[in-house]
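Number of protein chains: 2
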Amino acid sequence: MLDEYSASDKVLLALDCIIFGFDKEELKILLIKRDFEPEKGKWSLIGGFLKKEENLDEAADRILKKLTGLNNVYLEQLHSYSKIDRDPVERTISVAYYALINIEEHNEKLIDQYGAKWFSISEAPGLIFDHDTMVKHAISRLRYKTSKEPVGFELLPPKFTMKQLQTLYECILDEKLDKRNFINKINAMDILVKLDEKDMSSSRKGSFLYNYDQKKYLANKAKGFDFKI
Amino acid sequence: MLDEYSASDKVLLALDCIIFGFDKEELKILLIKRDFEPEKGKWSLIGGFLKKEENLDEAADRILKKLTGLNNVYLEQLHSYSKIDRDPVERTISVAYYALINIEEHNEKLIDQYGAKWFSISEAPGLIFDHDTMVKHAISRLRYKTSKEPVGFELLPPKFTMKQLQTLYECILDEKLDKRNFINKINAMDILVKLDEKDMSSSRKGSFLYNYDQKKYLANKAKGFDFKI
DNA sequence: ATATTTAAGTGTTAAGTTTACACTTCAAAT
DNA sequence: ATTTGAAGTGTAAACTTAACACTTAAATAT
Chain A
2 MLDEYSASDK VLLALDCIIF GFDKEELKIL LIKRDFEPEK GKWSLIGGFL
52 KKEENLDEAA DRILKKLTGL NNVYLEQLHS YSKIDRDPVE RTISVAYYAL
102 INIEEHNEKL IDQYGAKWFS ISEAPGLIFD HDTMVKHAIS RLRYKTSKEP
152 VGFELLPPKF TMKQLQTLYE CILDEKLDKR NFINKINAMD ILVKLDEKDM
202 SSSRKGSFLY NYDQKKYLAN KAKGFDFKI
Chain B
2 MLDEYSASDK VLLALDCIIF GFDKEELKIL LIKRDFEPEK GKWSLIGGFL
52 KKEENLDEAA DRILKKLTGL NNVYLEQLHS YSKIDRDPVE RTISVAYYAL
102 INIEEHNEKL IDQYGAKWFS ISEAPGLIFD HDTMVKHAIS RLRYKTSKEP
152 VGFELLPPKF TMKQLQTLYE CILDEKLDKR NFINKINAMD ILVKLDEKDM
202 SSSRKGSFLY NYDQKKYLAN KAKGFDFKI
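For the record, the sequence lines run as chains A and B.
When we follow the working numbering, the leftmost residue of the first sequence carries the number 2, and every step to the right adds one.
When we follow the working numbering, the leftmost residue of the second sequence carries the number 2, and every step to the right adds one.
None of these hints come from the bench; they were simulated from the model.
Incorrect hints may appear among the rest.
[Stated by the list, open to error] Using 27 Å as the maximum straight-line C-alpha spacing, the simulated DSSO-like pairs for lysine-lysine come out as follows:
| id | chain 1 | residue 1 | chain 2 | residue 2 |
| --- | --- | --- | --- | --- |
| 1 | B | K222 | A | K137 |
| 2 | B | K41 | B | K66 |
| 3 | B | K11 | A | K52 |
| 4 | A | K149 | B | K177 |
| 5 | B | K146 | A | K186 |
| 6 | B | K186 | B | K149 |
| 7 | A | K67 | B | K11 |
| 8 | A | K149 | B | K222 |
| 9 | A | K11 | B | K146 |
| 10 | A | K84 | B | K84 |
| 11 | A | K67 | B | K84 |
| 12 | A | K137 | B | K149 |
| 13 | A | K149 | B | K67 |
| 14 | B | K149 | A | K149 |
| 15 | B | K11 | A | K43 |
| 16 | B | K118 | A | K222 |
| 17 | A | K186 | B | K186 |
| 18 | B | K67 | A | K84 |
| 19 | A | K66 | B | K11 |
[As the list claims (entries may be wrong)] DEER-style ranges, computed between Cβ atoms:
| id | chain 1 | residue 1 | chain 2 | residue 2 | range |
| --- | --- | --- | --- | --- | --- |
| 20 | A | K146 | B | V194 | 30 to 40 Å |
| 21 | B | E171 | A | R144 | 26 to 36 Å |
| 22 | B | E91 | A | K199 | 51 to 61 Å |
| 23 | B | E176 | A | R142 | 19 to 29 Å |
| 24 | B | E124 | A | E109 | 53 to 63 Å |
Beta carbons are placed, not taken as given, at the ideal position from N, Cα and C, and that holds for glycine.
Using the sequences and the hints, build the whole thing.
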């Protein structure tokens, strides 16, 4: 440190969460209608302020739980935003997190209570402050990660079909994928467990359900999904 | 936001910079010996506090310039660190940035004045607070990026040889690379300009110098160095 | 002048990966 | 028994990556 502590200005430290969900057809984000000033009545990310007794990850967990009722959610710190007038009331730095949740599991009552709503990412309204930038960054981070290694199983229910997984990837990457190649590649990665159970809702034949196996995933990740220059 | 502004606690917002350099053989980081309490006399990253009139990127620029004399340095926000007692004096959140600089260009006098020193990353001393964690994350980020797409030209002088570039990649990735394959791959990427000039210092024959062409790089990056799942 | 030295510079082949592509199977419904 | 419609499956060609060793250029020494 080159400065003295005393010469410095304290700031409010906010957190904002980009909450992704996937409803079998589309990638969605959860937004709330602000019920206080400034920008009351406008749509925004869910957020809050860091408290004395918690670190950022804990604060993100707390904020997410408050709105969705969910614990142990996949949460990743995205970026810190610091434009001087980003919040018109007071100098506020915001640390953005993004969450991947299974859209079937969140608590509907809580969401109603906070006036929250799921929006498909293409149809989301304009957001307050710099939240649109945050969402853009989060999507681009999710897309980047997905193009480099398999991620996003947190967005699916624990049991899912290959079709669902493929559709999820198509949504995130925003491009069509070849069914046979997709299945071959996923199988080659050896990160799924095929169950003895079928989802009969999508066809007469039914389609086998799979579990994501995190242990296998981590083992294979260590061996390297990635490429070398 | 779910909380009221008033219910929140303000914090000190620090920045810490992991400054990478490359001295033709090794990847290095620039550290300073703290000349004030707490932890006076111990090695640390260069840091400072965010000021009222600047955003985080500007603060990182300012802090970096103060120590190295350099402007327009490659700087990227890494992560924010928030463990409650990470700074024993006062609750402080630190946003870490990492910088890639051409080690030949920094201002030696400034560095001496601040008691700063370059350490090879394998021989760096233990650092104060959570700075070791920050360094570990920065290296891992740099390595990850390097394994996915060509980066790090900022660590070399504007004119460099293929050998230097290869050595840099070998240092970052921590593995030996095949000379012919490396050159073929870099050439195929079409991001360098071969100059009519040789570096005669390393051999009797001399080796051609190259320029990194950022325009070409960005054009090719858009076309996609990356892979698809 | 000639020979020696030493890093720079160069290309091919085999192995592996990715892509493109279409028919069969299964279970339910009629 | 037949129809229906999504699920499930394999191969060959194109492309990419990996492994590998000799020639060239310029300076230095003789």
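Outcome of the hint check:
1. For the hint linking K222 of chain B to K137 of chain A, the alpha-carbon distance of about 19 Å falls within 27 Å, and the restraint holds.
2. Simply put, K41 of chain B and K66 of chain B have alpha-carbon atoms about 23 Å apart, close enough for the 27 Å limit, and the pair holds.
3. Annotation: proposed proximity of K11 of chain B to K52 of chain A holds, straight-line Cα distance about 9 Å (limit 27 Å).
4. For the hint pairing K149 of chain A with K177 of chain B, the CA-to-CA distance comes to about 23 Å; that is within 27 Å, so the pair holds.
5. Distance hint between K146 of chain B and K186 of chain A is fulfilled; the C-alpha atoms sit about 23 Å from each other, no more than 27 Å.
6. With a CA separation close to 13 Å, the supplied pair K186 of chain B and K149 of chain B stays within the 27 Å bound.
7. In summary, the hint linking K67 of chain A to K11 of chain B is supported, as the alpha carbons are separated by about 22 Å, within the 27 Å threshold.
8. For the proposed pair K149 of chain A and K222 of chain B, the alpha carbon gap of about 14 Å is at most 27 Å, so the pair holds.
9. Our distance criterion of 27 Å between C-alpha atoms is broken by K11 of chain A and K146 of chain B, whose separation comes to about 33 Å.
10. Restraint check for K84 of chain A and K84 of chain B: the C-alpha separation of about 24 Å stays at or below 27 Å, so the hint holds.
11. At most 27 Å may separate the alpha-carbon atoms for a hinted pair to count; K67 of chain A and K84 of chain B meet this at roughly 22 Å.
12. Using a Cα cut-off of 27 Å, the hinted pair K137 of chain A and K149 of chain B holds, with the two alpha carbons roughly 21 Å apart.
13. Between the alpha carbons of K149 of chain A and K67 of chain B the distance comes to roughly 37 Å, so the proposed pair goes past 27 Å and is violated.
14. Between the alpha carbons of K149 of chain B and K149 of chain A the distance comes to roughly 8 Å, so the proposed pair stays at or under 27 Å and holds.
15. The hinted pair formed by K11 of chain B and K43 of chain A meets the criterion: a straight-line CA distance of about 26 Å does not exceed 27 Å.
16. Between the alpha carbons of K118 of chain B and K222 of chain A the distance comes to roughly 36 Å, so the proposed pair goes past 27 Å and is violated.
17. Our distance criterion of 27 Å between C-alpha atoms is met by K186 of chain A and K186 of chain B, whose separation comes to about 25 Å.
18. Note on K67 of chain B and K84 of chain A: the hinted pairing holds, with a Cα-Cα distance of about 22 Å set against a maximum of 27 Å.
19. A distance of roughly 23 Å separates the Cα atoms of K66 of chain A and K11 of chain B; the hinted pair therefore holds under the 27 Å criterion.
20. Look at K146 of chain A against V194 of chain B: about 32 Å separates their beta carbons, and that is inside 30 to 40 Å.
21. About 30 Å separates the C-beta atoms of E171 of chain B and R144 of chain A, a value consistent with the hinted range of 26 to 36 Å.
22. Take E91 of chain B and K199 of chain A: their Cβ atoms lie about 59 Å apart, and the range 51 to 61 Å holds.
23. For the pair E176 of chain B and R142 of chain A, the supplied restraint of 19 to 29 Å holds, since their beta-carbon distance comes to about 27 Å.
24. Distance hint check: the CB atoms of E124 of chain B and E109 of chain A are about 56 Å apart, consistent with the given range 53 to 63 Å.
Going through the hint list in order, the structure does not satisfy hints 9, 13, 16.
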